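**Q** One line per chain: the protein sequences are A and B, in this order.
Positions 1 to 290 (the working numbering) are the ones given, in order, by the first sequence.
Positions 1001 to 1279 (the working numbering) are the ones given, in order, by the second sequence.
Just so you know, the hints here were simulated from the structure itself, not pulled from any lab data.
Hints should not be assumed to be uniformly reliable.
What the hints assert, rightly or not - What follows is a set of in silico ranges between Cβ atoms, one per label pair, in the way DEER data are often shown:
| no. | chain 1 | residue 1 | chain 2 | residue 2 | range |
| --- | --- | --- | --- | --- | --- |
| 1 | B | Asn-1077 | A | Asn-90 | 33 to 41 Å |
| 2 | A | Thr-242 | B | Met-1057 | 33 to 41 Å |
| 3 | A | Thr-242 | B | Gly-1041 | 19 to 27 Å |
| 4 | A | Asn-90 | B | Leu-1039 | 40 to 48 Å |
| 5 | A | Gly-241 | B | Arg-1018 | 14 to 22 Å |
| 6 | B | Thr-1007 | A | Ala-49 | 57 to 65 Å |
For clarity, every value in this text was computed on a predicted model and none was experimentally measured.
Even for Gly, the Cβ is constructed at its ideal location relative to N, Cα and C.
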Amino acid sequence: MLEDLFKVVKTRFNGKETDATVSVDTNIPENIMFKCPRCRATMFVDDYARNNKVCISCNYHGRLSARDRLKLTVDKGSFVEFDSDMISKNPIDFSGYEKKQEELRESTGLKDAVITGECSIRRIKAVIAIMDPSYMMASMGSVVGEKITRAIEIATEKKLPFIAFTASGGARMQEGTVSLMQMAKTSGAVARHNEAGQLYITVLTDPTTGGVTASFASLGDIIIAEPKALIGFAGRRVIEGTIKQRLPDDFQLAEFQMEKGFVDMIVERKKMRSVLSHLMILNNYRPEEI
Amino acid sequence: MDNYANTLTPWERLELIRNKARPTINDYIPMIFDEFYELHGDRLYGDDAAILGGLAMLDNRPVTVISHVKGRNINENKKCNFAMPHPEGYRKALRLARQAEKFHRPVICFIDTPGAFCGIEAEERGQGEAIARNICEFMTLKTPVISIVLGEAGSGGALAIGVCDEMAMLSNALYSVISPRGFASILWKDASREKDACNMMKITAEDMLRLGIAEYIINEPIGGAHTDLCKTAENIKEYLLNVTAEKSKKSIDVLLNERYTKFRKIGEFEEAQKSVLKD
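Excised from the complex, chain B in its bound form (with noise of 0.2 Å):
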């Protein structure tokens, strides 16, 4: 692998990642598993093209795929709703762990949104219900779980899928609360000011190994992913190689456990006896 320190502010990330050349989930998934069938829908209410699931192959293991679905093009985009879900995206995803559960398989997610989508619909239909059933089943669910962010990770759209036992980031990839427009707007009531947001929010992958968030960074070429997808999907692959053997030697209560330690001891606070920073 290559190691070197990322030198890029925040910012150009951004641009990075949303650079239309950036490889998505379509490219990636050929070239990390042998074989891929999708399965649709929540068997609820139908089938939304912003998550994609399905049964893959990662070397000899069989592993079920979810990720958020990003396109390159405004017809892809209009597709999959521009990676950001609606409540049965969200159900399917939970639908198929429950099924990866059963069959003591790895699940792994890769994360790749700007967030829920807010709209009337996903509110009638429940998208708060919706992450928070997801967030709540994924922390009991027994087997191993694999979050990589891939490009942008915002808000509970990515939290929805991104309750695991391990995170890891590719190198450009930024994890944020909401999206630094966003932030701009709720804190500044000045979108503009996503620039400034976006460098001082502290979303980047160094960020979140230091906050205890992420675990691990996959490098991506210099230059960004784009510029060699296959050492791309290498690095990602060999990651998950040795990562779901680890954990799947684990057994399932120690999983668990350490599945809640991981999220349980997130947050900084102190208290007027003692001082408690990550214990």
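For reference, chain A alone in the conformation it holds in the complex (with noise of 0.2 Å):
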């Protein structure tokens, strides 16, 4: 009773919606109610889809689809996609990988964690890779390995800039030490784009973390980050447990990640479009002609 009263006390003093907040802590109806992770206030799902999967109190950026995400980017109608068809196989034989991705690729309607092609975002010819983390947390193996590679190299055979929407736990573990080369595979591919003096813009969204963090992520000319999106190389548990101290509830945000010099901008989802449209038009990049 007194600790309902102090929560009342507390989401007002915080200017917080109230009714919402103050009623489903203790029991939230899942596909009702969204609670987010960095404010705790709970939304209806339908507000918070709504809002293009934005904490209405805290304007987190949540996370996305990857299908969702292509269509908030790019122009209607202008998306021709890569390697579509790429699964990936069994490289260190560990049991039960295969019918895991089975089993994914039947409940997400991917075939694996990133979707990659080419696209115009308002009228400028641009190449994009898009991770999901709802594919295994987005972890990178033999498949996003190839694919975000190919569609480098591609950019760099057609002088487009890069996108890439970065989401991801890290390597994948399943795939072992071949997982771990990929990181090679995309920062050697995105080296080359660098030498042909392309543009390459990361959008780092949550969470953005391990060997994906420790590769291409990390090597665009410009960093962008989504607000509030987690971004590192150490999970935060993993650093909890090294050190036996709590982190502070910032670490490792975008906002934090920016302070120290790792990001150059953060930017909502409803300014993306515009802001990626005149950065590639800052670098030298002209919108087609209707």
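Both chains come to you apart, so use the hints to assemble them.
**A** In structure tokens, the structure reads:
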């Protein structure tokens, strides 16, 4: 009782919407309510989805499927997908890996954790890669590594900018050391795209960690992050385990990374198309005539 | 060279390379190189004792040496942080690699780390960026780069000095995406299954050869490198003399194309029309 009262006072004090916040803390019906992992506010899933999965209360930019992200980012009808049928093998014979992949392909409609292709954004042509955290936490194995590398190589060949929306839990453990080598493969392709004088923009979305942070995600000419996205190399729990202390709440968030000098700018989802197109224009890429 | 099939299980090898008597880079340097001058610092933040770098003579050839540093007792390990580098360690490595490029010296990297350090300061100073930068820059470094795995090679911490023209492994060395303990804890939520993880992860020198990650195995004496340091050092030196001579003959363009291709072809996937396996 008393606790509830405090909760009411606290939420009012913070000027957040009260009704939903107060009552649902103990038992949130799934699929109806969304609880923000940053500010703990709860809201109707419909409202959250209508807001492009941005927390109504704290502006945390939540996880998006690659398809939803694509719709929000590229010009309608402009996307031509690359390598849509590529699937992974099982390089270290990890037991159950094939079966897990099959199930995931079924349930997510994806073949692996990234979609790549050519598109235009406000009529400017670009090659784009979008990672999807709903597929094995968008971990990077052979398929993610190969598709991203091919996409960058095409961008280099066609003299196009490359835009990567990253999200990843890191290297895909189930593919062993082969997954580690995808970091080298993708970074090598970035090096060549860079030498060819083309623009590379990375957009770090929640969460971008591990081997993806330690390879192509950190190599953009311009590094953008979405508000309150988790960005880091080592996982929070691993660090807490090492140092035996609790880390501050804002540790490894986009704002923290910008303060430390590893992110150029934080851009809201609704402005992303506009910012990306302007950055491309400022780097001498021109919109196609209609 | 003594040629024999290594019959040890991955777990036995892990125990062997974690043995306190296992030689470290500090044992090998005087036995492989004629002169060695250590160079300190990344010129940006500090000097990381987990990575050692410097100039050395390999017979008549000047080379740049970069290595993880393992200690053999608690005091040494405190100093070198159990061979787990911070970002400044990787940035020092990159600085010295760039210097080697300027003077066309081969770069020789010795890998011996459980992984990059996981801590607050490492994150604040950009552990991810530092590793990414090294991988990317080593890929286009205009001088030969050779890597040798001495013991454990773990995760991005190993790869940060592991992009090379040719990789060799000591016969008991292991190369993994994460330590077997970390693997067990992530995939099975049970770190105590370290041994199971180690035995199924495919991380031995033979596995690396098969997966196209390493090109050569340097034999250790039966019983492990520590049973005969001289012999092990001799085998390493013989390999290095051959490989540096071979790689130094190549034009930079050829070298860089081959380096790119070496990593480009690692990965196993299939496509609906055609099946592609390490083309």
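**Q** Now look at each hint and say whether the structure bears it out.
**A** Evaluated hints:
1. Asn-1077(B) <-> Asn-90(A): 33 to 41 Å: holds (37 Å)
2. Thr-242(A) <-> Met-1057(B): 33 to 41 Å: holds (39 Å)
3. Thr-242(A) <-> Gly-1041(B): 19 to 27 Å: holds (25 Å)
4. Asn-90(A) <-> Leu-1039(B): 40 to 48 Å: This hint holds: roughly 44 Å between Cβ atoms.
5. Gly-241(A) <-> Arg-1018(B): 14 to 22 Å: Since Gly-241(A) and Arg-1018(B) have Cβ atoms about 20 Å apart, the given range 14 to 22 Å holds.
6. Thr-1007(B) <-> Ala-49(A): 57 to 65 Å: holds (58 Å)
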